[in-house]
Structure formats: structure tokens, C-alpha cells
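Asks: Residue numbers (the working numbering), protein chains in the order written: chain D, 1 to 485; chain S, 1 to 497.
Treat the hints loosely; a few may be bogus.
[What the hints assert, rightly or not] Here are the simulated distance ranges between beta carbons:
#	chain 1	residue 1	chain 2	residue 2	range
1	S	V483	D	N3	22 to 28 Å
2	S	Q205	D	D66	42 to 48 Å
3	D	Q29	S	L13	56 to 62 Å
4	D	F289	S	A305	38 to 44 Å
5	D	L369	S	I475	42 to 48 Å
These are calculated hints, taken from the structure and not from any lab test. Glycine included, every Cβ here is placed at the ideal spot set by N, Cα and C.
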Amino acid sequence: MENILLSLLCLPVLGAILIALFPSSATRQMKVVALTVSLINFLLSLNLWIFFDNSTSKFQFVTQLDWFEFLNMQWYIGIDGISLFFIILTTFLVPVCLLISWSSITHLVKEFLVAFLFLETFMIAVFCMLDLILFYVFFESVLIPMFLIIGVWGSRERKIRAAYQFFLYTLIGSLFMLLAILLIYFQVGTTDLQVLMTTEFSERRQFFLWLAFFLSFAVKVPMIPFHIWLPEAHVEAPTSGSVILAGILLKLGTYGFLRFSIPLFPEATVYFTPLIYTLSVLGIIYASFTTLRQIDLKKIIAYSSVAHMGFVTLGLFSLNTQGIEGAILLMLSHGFVASALFLCIGILYDRTHTRLIRYYGGLVQTMPLFSFFFFVFTLGNLSLPGTSSFVGEFLILLGVFQTNTFIATLAATGMILGGAYSIWLYNRVVFGNLKPIYLNQFADLNRREFFILLPFVVCIFWMGVYPSIFLESFHLSVVNILQSH
Amino acid sequence: MNFFFENDFYAILPELFLLCASLALLVFGVVYSTSKAHGKPSLMRLMGWATILCLGLTFALVWNTPFQSMIFFSQSLLIDEFTFFFKVLILLGSLASVCISFQYFETENLKSFEYLILILLSTLSMFLLVSAYDLISMYLAIEMQSLCFYVLAASQRNSEFSTEAGLKYFLLGAFSSGVFLLGCSFLYGITGLTNFEALAIFFSQQSQITLNQEWVFVQVSLLFILVGFLFKLSAAPFHFWAPDVYEGSPTSVTAFFSIVPKVSILAIFMKLFFQSFYELTILWQPFLVLSGIFSLFVGALGAFAQKKIKRLLVYSSIGHLGYMFLGASCLTVEGVQSVLTYLIFYLIMTTQVFSCVLALKDNQTGQRLRYLEDLKYLNKAHPLVAFAFVLNFFSMAGIPPLVGFCGKFYVFFAALSSSLYFFVFMALLSSILSCFYYLRFVKFMYFHKGPVQLKFAQMDECKAWMISTSSFLLIYLFFFPTVVFLWAEKVALLFLS
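One chain only, chain S, in its complex shape:
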């Protein structure tokens, strides 16, 4: 073993850069914002641009990495095409959520630049999580990510809701991490291994008969690990914390929560279960299917009764998770490919929907719009935003010719080709049910006549760009989907080979 790790530092350059940059920004912020000589300036705008710059530079580093695939730091981290794909998604998601929350912090009087540092740090932790190749490094990365998220959820210090959200997230998150860790330690107790590859080799050579009495511990540990993941993903039936946390957190944080963590946790979930536990498919696939069906229906039915926009969007994202599980439970190249493409489309749609939600603000009272009812006036005040919104909801409902259709279509394609007929049937049912509430948005925005009683504030340029770009992609990627699908196929092929 080489003590100096030779090329290992090259491989981890993006992470290192992110870490250094966020620490430097933190020091700069702490010193500068408290300096009396400069009048204790609010650094939000400056720090915002600095964050975007950092993320951009990280993107360049990730893009130009000299390694195709490499295992490093004593086999605890791995980079390959798969992690590259997810890192790119995470970076784009973080970039988007920083871009759309620029104005939010200025108008909400939240002059805490720590928010941006936390976003950088959680991006870093998600990078580490995606590249984790060992149960220990995975757990540490998950914890780091969760810690950042707890603080982010509670970052609006003057709001009871935000504090409540942070506390709930912390308590339940800590509990689920405990369950997760218990699963990992059981596994370690049986196998004595923590490395993903070693686990895969172990399970390919051992079976129920050879493991004998320990088999039940394998089952229990797998269940615990799975539950931990499902909890972090907010998949049903472990979703109960999500609506409260997502609603209580400041909207820009909700946007970040909905866009990015799904990507990182799905990535590590797929890595662990598709590579290390591939031989144990019989044990975990039924649970995945079950959770997928639950998520589909919780997403569809739970959203019916909601009156608040953010809560409704949480349920909608739970429903989308169900589709990704449908793709994931195929265990084929098409299945993985469908998850990856669905993730990309989900990212685009969520970014768009949250940039619209963040743009909605009453000009007179300065109140943010929280209820579906308030959307009644949107079409008169901001016809283009209303149009983009509507486009997105049709896309989420999977109506062609929008990109959401491509995603769902390919998931169905993959699932049918591996004969998951019942699951597909359930997904069809839930997609019809979910149309009800997506159409409700449209109804509120377009079907009401009457005078406008709200004046909407102007949105800033960043959000306008985000909305227009993502709306363009919603249509463009339907007509020219090949790039996305081919990339996903390449990643999926390399991932499963």
C-alpha cells in the first residue's frame, strides 16, 4: 500500500476544491460581515455569485477529470461514469437552487450567508456520498449531508415553522440514521466486510445454505439499510416527516431539498443494492416494489386534500419517486436507464416548478403565496409564468408532447420488458389519479374569471432565466431525447457490467 496515495488527490480534486472554497468563503464571510469598518454589510449577493463561481469551477473540475474510473483512498471511494453522471446532476441541481433563491433571501430579510456555505458543504457531502465505496465512508457522507440539511431546514431563525421543521427533521433523521447504522453493523458482524466490492464477492459465493443461521441477520440488516434509505428518500411508507419539513423550511431550502438529495441518495442506493447486494435481489426487490406502489398512491391520494402549494409539491415528488422505484425494481439496463432519465426530467421539472413558486409574491403585503387559491390571479398578472407553470404540470402528469411523457413512457417500457405487470398497472392507475391534482393547478390558474386582487412582485433575472430555460427543455427534450437517453444508456451499461 502506498502511503502517499499518488494519484488519489487528483481524483478527489473537485471535492477538495469545494471544501477549501467553502471554508475560505466562510472565513471571508465571518470576518467581513462583522467588520465595523465596512458597516457590517449583508453579503448575500456577493456570496451568491461566489457560490455560483465555486460550483461552476467544480463543474469544470468534474468535467475534466483525467480518470475514467478509479478506486482510491484505501478503497473507500470510487469514481466512474456512474458517479460522474450523478455529480453532474448534483452540481446542476445545486446551481439551479442557488440561482432561484437569490432574491428570496434579500426580500425575506434573511441576511445569513451561512445558507450558501451550507449549500456548498452539502454539495460536497453529496459528492462524497455518490463516490462512496465502503459502508463507513457512505455512512459518514450521509451523516454530513444530513447535518447540513438539518441546519438548512432551520435556517429561518425567526420563524417557528422553520425551527419546527429543523427539529423534526433532526429527530427523525437521527433515528433513521440509527436504524441504518444498525443494519450496517449487523452486516459487518456477519461478513466482517465493509467494502462494496468485497460484499458483492462475499454474497456471490455464499448462499442461504452456507450462511445457515446468519441468514436471518442478513435479511434483517438488508431490511434496516433499505428502511434507512427509504426514509432519507422520503418514500412511502416512511414519508411522514417530509410534508412538515418541506413546508416549514424556507421555500428556497424546500427547493433545494426537493431537487438535489433525491439524486445523491438514489445514486448510492443503486450502487449499494445493484452491485453489492445483487445476489440478494430476492430479499430486497419485493420491498422496493411495495414501497414503490405505496409511494405512487400516497403521492396521488395524499395530494388531493392539500391546499398549500408546497405541501402538494412534496406529495407530487413522492409520487415521482414511485416511478423511479418502478424503474429501479426492473434490475435491467433499461431499468437503470429509465431511472437515470427520469431523474434528469424530474430535475428539470422540479427546478422549473420551484422557480415559479419562488417567483410568486404579493407586491403590496410582501406575503409569499402559499395557497393554491392564490394562483387564481396568476394568469392575469404573469401570463407567461402561468403558461410555464401549466406546461410543467401537464409534463408532470405525463401528457405528451412534453418531457414528462418520455420519462414515464420509458419507465413503463423498462418495467414491461421485465414483466412487472402488476406494478405497471398500479402506476397507470396512480398516474390517472395524480392527473386530478395536476389539473387542479390548471383549473385555479385559468378557469377563474374576475378582477385581480393581488399584485405580483417582479421576479429577478436569474429566476426568469431558469424558468425559460427549463420550460424550453421541457419541450425540446421531448422532440430530441436521444442525447439524454444515450448518455443514460452508456452509464447504465457500464454500471451493470
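Pulled out of the complex, with its shape left as it was, chain D reads as follows:
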């Protein structure tokens, strides 16, 4: 049982090594191998959920291996209810990404697959590391494959700028986290998370540490003044890159807040909550307005992600069970909805090779199936009751309302604005006049694309209608995190 996590980590690497041994002309075989490996990984990760014990807030599937023995740092792997679903989300999205780029990636296929499988390992590792320094290590190492994915398989010349921005923004933020981790180590003598949970830092020190962590996570989330890299990276990345960015990488920031900032520095968290509230509300409103006037399909989704992540940070720092559970649910739901929307845009882009909204219109006449899926995901994006986002946003507003009514009221406008930009996007793309010049390019979904999108619909409604199956798995972990407050 304990080895499930370890094999989850190793399997993609082994797959990548296997693929590296293929001749580069055998593209189909390599793709099949990569897909098989990632699917096996997905099934394995479901085992985590099956064997997960809901009745404890302890870390489960714990494994320890030596690393820097003389510094008392070691590989310490384990999950609780919070990380469980992020791991499953990761393993779910990777095969989807491989499938969506099945025919659109024609250049350096082998490198693409290898980069993706390594990316999978790194992402899973971030979510299950229970050692601060190793969390940092994998938080950073995600940069390498992602930088390559944006830079090599991106679409335009501007991709270089986007890749640089992505890399450097994250690096600058996280180097401060490294310093903070070292300072923590000097006080405690270990970076083991479970020991740190029981450690008290002086108030003054907490402020510094919290700010250092904040810099690195806020860049990753991204919160409003640090968000410039996100639209660039999303627009320039290939579809699969955007999906991973929106689905997983943005969650690394909020996951970090939840896992480290909130339980380790309780006083500082309370002290800085107004800052987070302000930035989140700014993010929700400003990003929603920005979304309204974008003309690039991917930028629309990117900015709407910023708005949704604003909700998530708001929920996390409401510091009550409803708010935090809502935030986790919204993270998961955003992982499905935003990824699915990026997939839809990728499908359109594969056909027309443009993302500018003015070239689209009246798609419902030639692409009915696509329009259906796109509609469901749009509903998800505007958090209609019955979809997964609604549950999350409702719980978040519920949580925030208890602590700060004014902020909750402001945040609630985000739901209206969300409706505005989502519906307007759908309206412009799917309804209206069909642009006849591109008529023959608007073929409906093929079988592969249909089956990629189907599970997303199922998940969105499942989480919307019966969320308690998720909630009960991470309820105790959330309570455990809140114990220090």
C-alpha cells in the first residue's frame, strides 16, 4: 500500500526513459507508450482514493527515504485529504493532454512526451512531499519542462518572451521562499512538515517568513499585481501546456498557501488577511472586467482563471471550514472547467489556427457537438447551480460572509461579472453569423476529441450535484489545518 505513491512518482520517469530509447521516427509507438503509462498512473492514483481512510487527518501512504542525512532532510512522502484530489487531478489531466496533442504536435514528438512525463512526476511530487525543502525542489523543477513546453511547442514568436516571463517570475518569487525555508531550518533544525506544524515561530519572524512564502505563492496563483506572466504564458503555450498551467500549476500556489502559510504561521496569516482579501477582491473584479474586453480566446480564459483564483484565495483566508473547503472544491472544479475550456479552444485552434474571436461566429450551425460541450463548460465557468464551480463559490462566499460581509458582497459581484463574460464569449463564438470564408474548416468534433471532453462534463456535474463525496475526504484534513487558529 505504502508503495503506491512511490510507484506513481517512478512510473512516468520509467516511461520517459523507455520513450527516449525509441527511434524518433516511431512517433505513434512513442505516443501509445506515453498514453499507456499515464493511464496506468491514473488508475494507480485512483487506488489512493479507494484505500484512503476518511476517518483520520493523519498523513497516509507515508514513505521515507534518505536524502541529505547529515542535515536531517529526507524524502518524506505522504498525502492527506487535500493533496489526494490534486494528485488525481494531475494524473487525470496528463493523459488528456497527451491525447489532445496527439495530432497537433508534429515537431520534436519524443522530446514533448518525455517533457510531459517528467512534468507529471514533478507535479505529483509537489503534492505529496511532506518536507519543506523537497517541496521547494519540485515546486521549482516544474519550471524546466514547462519552460520547454511553452518555448518549443508554442505557436508564435512571442512565446520566447512568454517562456522567459513564466520562468523568471516564478524563480524570483520562489528564491525568497528558499531563504525563508533556510531560516525555518535554522530555528527548528528540520524541514519535516509534521514537526514544523508543532513549532511556534515568534511573531516578528512569522511576518518575514509569511511574506517570503507569499511572494512565491502569489506569483504562482497568480494574485493581481503578479499576474502578468499568466495571460502571456497561456496564450503562447500549446493547448496541452495551457491545460496543465490552468489545471495544476495555478493550484500549486493556492495549495502552498493552504499547506504551509496558513498552518505554519497562524498569527501572520491573521495579520495579513486584509491584504489577501484586498488583492483577491481586486483580482476578482479587475480580472473580470479585463476579461470582458479581450479579443483572444485564450486570454479570456486566462483572465477568468485569475478571477476564479481570486475566489480561491478569498476562501482560503476566510479561515473557517466552509471557506477553505469551498476553496479546495473550487480549485478542483477550476481544474476541470478551465482545462476543458482550454481544450475547446485548442480544438478550434487546431482547425483554424487562429484564436482571435472576430474570426469565429455561428459555430452552432456546423459544430453542434462542440457547441454543446462548450456550453456546459461555459455554465461551469459562470458557476451555475448544478455545476461544480457553484458549490465551491457558494461555500467560499458563505465562509467569507461570516468574517467580512463587505468583502463577501464585493466578491459576489464577481459571480455576475463571471456570467457576463462567459455568456458573452459563448454568444460571440457560437451564435451569430457563420463566417463563410472558414466554413469548410469548422468540422465538428472527431471521436478522439469527443471522448476527451466527455469525462469533463461528467466530473463537472458530479461535483456539482454530489460534492459530499469529495468534501468528506478532505474535511478532517481541513479541520486539522485550522486547529492552529
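Knowing the structure of chain D, use the given hints to seat chain S on it.
Replies: Relative to chain D, chain S alone:
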């Protein structure tokens, strides 16, 4: 005093062997390569293997030395765990640079086996330098090393650049040796001592008050000696000769220059300043910090504008030096340990990067690749080399999970634990800046599409082995760093005790 030195010759056996072997090889080469009966053969390959054999045997001698620690030859030389560590590094570095330059000399039509003899001799001089325990033996060893290097830099006799490099190196090197010697003689004038241990004892009993007027001479002499070292290390602000010299010299010599001398000079620098001048820390530590910060930023900013690969790598190595100074200026066991480990990782990364650079060669024109622009085609022609290259640059930038991260991490660790907050902050800033140009390599190699306009020549087996081994170590040592760190810790503990 025993005239016959008893065991002293055992202790110096590796050096003696190196000396005899290089002289024997020289005689053999001179006789054989000029003999008409054998058609004046080019001896590069044969001599290359002989050099590798010599270095290997020396390695065996160093490894199996019967002495833990010993001072010999009238207290002018010393061997202990510290010198052992550095000798092993020097040997591995020399071995690596001989291995990767095999093909170079054949294809560049440089049929001068003297190159290999010079490498052996400079290895010998670095051995002596590392074991030096006296200002005089140290100066002599430094001079011997420098002489070998001047000749090496100018060894491509038909190239103006190489000659220019040799001349520049010689003029500036001689000047810095002069400054260095002046510092030493000031010191001798004040103390009447040249032995390291005696100096340490002297300074532990004397202070600013007791030395009175001579104190200013102590300061001046320390400054001169420090400047001499900084110059030899090519640390900023005494780095101006380095880009020209490194670029002008033949690439295999550049590789040798970047890999090995840093090790030997850092070793003797640490020995002199950490042991003899430990009591005078207040005098020299600020300069070390200053030079470290300068090096970090010169390394990061200087590399921005560079278009040539070799020049860029020089600036990158100046930046790495800054990190080692950061570790060194901690003056703690962790600090020394971090320098030692950083040195090992630096050695691995530099070996790898230069074996890649040496492998890049246009098949049609026979031109060596000099510009970053040329790397555009590398990924299509040699995907594996491109991958190794990229791995290395991420490692140099300190991105986990590669070994460069471990090095930087531990340097930061050591520096923070001795409260060098400002220096650490500067190092962070420069490491972000330096990411720009490391990423530029990646950009050139992977982000360009388009047809391949260059055909790359096949590389030889030796280089392939070097590249694969060092790339493996780049990853392996990140996951299993304990061996390296424990060894470094042992050395550092014995060194500072």
C-alpha cells in the same frame, strides 16, 4: 635536522613520479617525433594515452599515500586530508581535460605533443602549490604553474588570437605575480617569517597595538597578496584579462584553464588565509565579500552582451567564483564545506560543458562553432548533446533537481548561518540575472524551427563518455549527495580544527 629527509621522499612520491614521467615523455617525444627513420610521426594519440596512464598512476599514488598528514622538506610542504582532497580534484580535472581534447588536436592540425607534457607539468606544479606550506614554496609553485599556462595559452602557434592570448596572459600574470611577491616580502620584512604555521602563531600573539607602526604594512601586504590571488583566480574586479585569454587560447586549453587552476589557487588561498591569517579576518574578509559581490554581478551582467560561447562561459565561471567566495567568507566549517562541494559540482558542470563545446564542429568547413547563434541547429543534429547541454545550463542556473541546486543551496545555507544576509541577497539577485543568459542557450537550442544548415561532425568516444558520465552525475548527485557532502565535511573539519 635530518639531512637525508627520511620519509620525505615517500610523501612526495606522486610529485616525483609526475616529474620523472613528464621528463621521460618529453625525451621520448623529442627523439621519436624527429626521427627520420620513423617518418617524423605525430605522437598525439600515443602521447595522449601515455599522459592518461601517467595521471592514472599518479592518482593511484595519491590515493595510497601512507601518510595521514605530514610536514616535510624543512617545513616547506605539507600533506593532509585537505591537500589530498584538492589533489584528487586536480587529477580528475586534468584527466578530464586530456580526455576531451584528444580529437581536438588531431583535427586542428596541432601536432605538438608538448601540449600534453605541459599539462603534466602544470599538474605537477598545482600539486606543489596545493601542498605548499611556506611563502617561498608557494610563490615558486605559482610561478611554475603560471609559466606552464602562458605557454599553453600560446600553444596554437599559427593563430594570432592564441599568441595574443599568451602575451596578454604573460604580461598581466607577471605583473600580478610581482604584486603578490611584493606583498610576501612586506610580510617577511615585518615578521621575518615565511612559514604558514609560524605566521599563524605570530599573528595570534601580536595585535594592532603591539605591532604599532608596522600594522599598516601588515594591511598593505595582505591586500597585495589578496589582489594577487584574486587576479590569478580571475575574480572581479581583476578579471579583465580572463575573457581575452580564454577566448584566444585553443578551446581545449580554455577547457583546462576553466576546470583546473581554480581548484589549486582556491586551495592555497584558503590554506593561507584561513590558517595563517585567521586572526586578521577583519582585514581581509570585507575585501573577499566585496570581490565576491563584484564577481557575481560581473559574471551575470557581463555575460548578457556576449555572442561567443567561450566568452560567455568565462563570465559564467566568474559568477560561479562569486558563489565560492560567498561560501569562503563565512569562515565556518559549513562555509568551507560549501566551497568544497561547490567546487566539485563546478568541476562536473564545467567538464561537461566544455566536452560539449569541443564536440561542436561543422562537418563541411571544419570550422569550430564559436557563436551562440550556431547552436540553433544542434538539437536537430545531435539531440542528445543538446539535451546534455540544456541539462547543464539548468544546473548552472541552480534549478532543481540538478546538482547545481545542491551547490547553491548549501552555499546559501552556510552564508545564512553566519548571517551574511546582504551577500546572500546579492547572490539571489545575481542568480536570477544569470538565469537570463543560461536560458538563452536553451532558447537558441530549442526554440528555433527551420531547416538545418550545419552538419555537425561526429564526436569521438572519449568525449561521449565524458559527456554521459558528467550528465549522469549531474542528476545522480542531486538525489544521492551524501557521499560528496560527508567527504567535504570531513575535510573541512580537519582543515579548520
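Asks: Does each hint fit the structure? Answer for all of them.
Replies: Hint-by-hint comparison with the structure:
Range check, S/V483 to D/N3: about 26 Å between beta-carbon atoms, so the 22 to 28 Å window is met. Checked against the hint of 42 to 48 Å, the C-beta distance between S/Q205 and D/D66 comes to roughly 46 Å, which is consistent with it. Separated by about 57 Å at the C-beta atoms, D/Q29 and S/L13 satisfy the suggested range of 56 to 62 Å. In this structure the supplied range 38 to 44 Å holds for D/F289 paired with S/A305, their Cβ-Cβ distance being about 41 Å.
Between D/L369 and S/I475 the beta carbons are some 45 Å apart, a value that agrees with the proposed interval 42 to 48 Å.
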